[in-house]
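Chemist: The primary structure of each chain is shown beneath.
There are 2 protein chains.
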Amino acid sequence: MTATFPRHAVIREVGLRDGLQSIQTILPTEHKKAWIRDAYAAGLRELEVGSFVPARLLPQLADTAELLEFARDLPGLFASVLVPNLRGAENAIAGGADLMIVPLSASHAHSLANLRKSPDEVVAEVARIRAARDAAGSKTLIEGGVGTAFGCTIQGRVAPDEVLRLMQALLDAGADRVSLADTVGYADPGMVRDLFARAIDIAGDRFWCGHFHDTRGLGLANVYAALESGVTRFDACLAGIGGCPHAPGASGNVATEDLAYLLGSMGIDTGVDIGRLLDLRERVATWLAGETLHGTLWRAGVPKTFPSQAARAAA
Amino acid sequence: MTATFPRHAVIREVGLRDGLQSIQTILPTEHKKAWIRDAYAAGLRELEVGSFVPARLLPQLADTAELLEFARDLPGLFASVLVPNLRGAENAIAGGADLMIVPLSASHAHSLANLRKSPDEVVAEVARIRAARDAAGSKTLIEGGVGTAFGCTIQGRVAPDEVLRLMQALLDAGADRVSLADTVGYADPGMVRDLFARAIDIAGDRFWCGHFHDTRGLGLANVYAALESGVTRFDACLAGIGGCPHAPGASGNVATEDLAYLLGSMGIDTGVDIGRLLDLRERVATWLAGETLHGTLWRAGVPKTFPSQAARAAA
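Going down the list, the protein sequences come from chains S and F.
With this note's numbering applied, the first sequence closes on residue 315, and no number is skipped along the way.
With this note's numbering applied, the second sequence closes on residue 1315, and no number is skipped along the way.
One or more hints might be untrue.
Unchecked claim - Anything over 10 angstroms on all C-beta distances counts as not near chain F; from chain S, calculated:
1) 8
2) 25
3) 75
4) 91
5) 94
6) 117
7) 188
8) 204
9) 232
10) 267
11) 290
12) 296
Claimed, not checked - Just the calculated beta-carbon pair ranges, DEER-fashion:
13) F:1201 <-> S:307: 21 to 31 angstroms
14) S:276 <-> F:1109: 26 to 36 angstroms
15) S:197 <-> F:1087: 48 to 58 angstroms
16) S:159 <-> F:1087: 58 to 68 angstroms
17) F:1287 <-> S:86: 52 to 62 angstroms
18) F:1286 <-> S:57: 34 to 44 angstroms
No lab work stands behind these hints, which were simulated from the structure alone.
None of these values were measured; they are calculated from a predicted model.
Beta carbons: idealized from backbone N, C-alpha and C, even for Gly.
Taking the hints into account, I'd like the entire structure generated from these sequences.
Modeler: Rendered as structure tokens:
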């Protein structure tokens, strides 16, 4: 009730990775570059541009190295990539990524099914990645992303204590940053408030990001609860893509444009021009014709009372 | 941050009024009765069944008297109707409604455009309604519903002080209950937190209900912020119908099924069986074929970890 909100928050656009890996369409590299360029022009300064996984597993993301190179040419853009293992991390380091996200699934069942490793094996891999990064004299930050932090579709409940144990283990293994993700949309704002408060107590400034899916409509309510807990960086996908491939049509990640509106309306500066973001959404919708898109703001547009860019620049 | 959540909350289904008045389809009375019966069977105990306005203005709601009679036969069902004026109130009293909602628009421009009265003229009408109700020895409660409480599409900004002045005036004129509504979906959770806290300070136990639209995706985040402020009753429409007729396709009211999931997931008892609610949503979707429906939960269903009815009954 008495939480004060931050003056600034960061939206990390993850549509090019979490979004595109979950849908059928393979977006041409030129469209992806246009997406990066236009997201940058709309004011976004953090993008997850892809994933260093074998192309036979995720052909949608086979051009990650080229996109990373492209993104690095945009001044002030902070480019992240996902890396599932040491081999991927070597590519991220070689490509000069600003940050590499190592996903860990707190659900043992989900971890074995999706990553073919136990959570503790992922922790051990992070230690190897840290050693390799330091040996290379690289500045690429390592983010340990704890997924299925609120439960999973295979195992069901995931104990908060286990989530936090693994988060601490990632920090101990050398992760520079840690995050929590509601991978399958099981969280509610009460759970978020409790778990994020504990996570921030543990990780302090090394707590990096909240990653929410809108699978059951609670995405932005969960963002708001995390914001109250002190989180100031959120993942989002333009047009809310990124649903689970096992649930066709189900909503995906929190929609970037809706998140930008939530934060902007509350007077929290994100640097984002929502008009330009909605323009980009329209282009993405053309590129992804046939895919189910999500998000809500695009239908109605911003309110008459929404602070304009000009007004905010003058303030 | 330290708010404790209530153990119980009430969902008032307003789809038969706010929902149906905004769409083209005129639902046959038999379908409306099935909706009332099945909503009741799913555990909902408060329904807004219609509006006592002239049938030439809202032919969709011409059967309100018949529906009110039908609803009154269901034991323990609390039936509300909307009344725009004394004449409507006389019908509500004659029909034995448990509660009649008198809408007031805090935006003067919106009030003149939609109600053809200034807000203070509506306050005066509430005084006449109160006198008529008391003279009739009726127990029908009077709810003063302050709409466009967060701004409006015509006037833009609506000052919170003016909203609260009108809410106080409604209480002074004899309203038994007062509510706040974000009629056009302009609210964000920060605004909700601030305004609802002040409203509850003023009205205490006479503060009745929060009414949110999901026009720009913030509906449930706003509900959550209101919940933190102490609100325990929320309006909602099955399948999120009830958008503004001036913005075709725009999302409408918060979806009943998503709201029931939010509250249920947080362990707040609403008495609602979400499975039955989703079944009813499916029937409503058939009845309203061709209309744009909303809501999110229906695509994915409840999580594996969601407390079952059986588990909750045993707890």
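Chemist: It remains to establish, for every hint, whether it holds in the given structure.
Modeler: These are the hints, each one checked on the structure:
no. : hint                                 : verdict
1   : 8                                    : holds, 15 angstroms
2   : 25                                   : holds, 19 angstroms
3   : 75                                   : holds, 32 angstroms
4   : 91                                   : holds, 34 angstroms
5   : 94                                   : holds, 39 angstroms
6   : 117                                  : holds, 23 angstroms
7   : 188                                  : violated, 4 angstroms
8   : 204                                  : holds, 17 angstroms
9   : 232                                  : holds, 15 angstroms
10  : 267                                  : violated, 7 angstroms
11  : 290                                  : holds, 17 angstroms
12  : 296                                  : violated, 3 angstroms
13  : F:1201 <-> S:307: 21 to 31 angstroms : holds, 27 angstroms
14  : S:276 <-> F:1109: 26 to 36 angstroms : holds, 30 angstroms
15  : S:197 <-> F:1087: 48 to 58 angstroms : holds, 53 angstroms
16  : S:159 <-> F:1087: 58 to 68 angstroms : holds, 60 angstroms
17  : F:1287 <-> S:86: 52 to 62 angstroms  : holds, 57 angstroms
18  : F:1286 <-> S:57: 34 to 44 angstroms  : holds, 41 angstroms
The structure fails hints 7, 10, 12 (numbered hints given earlier, in ascending order).
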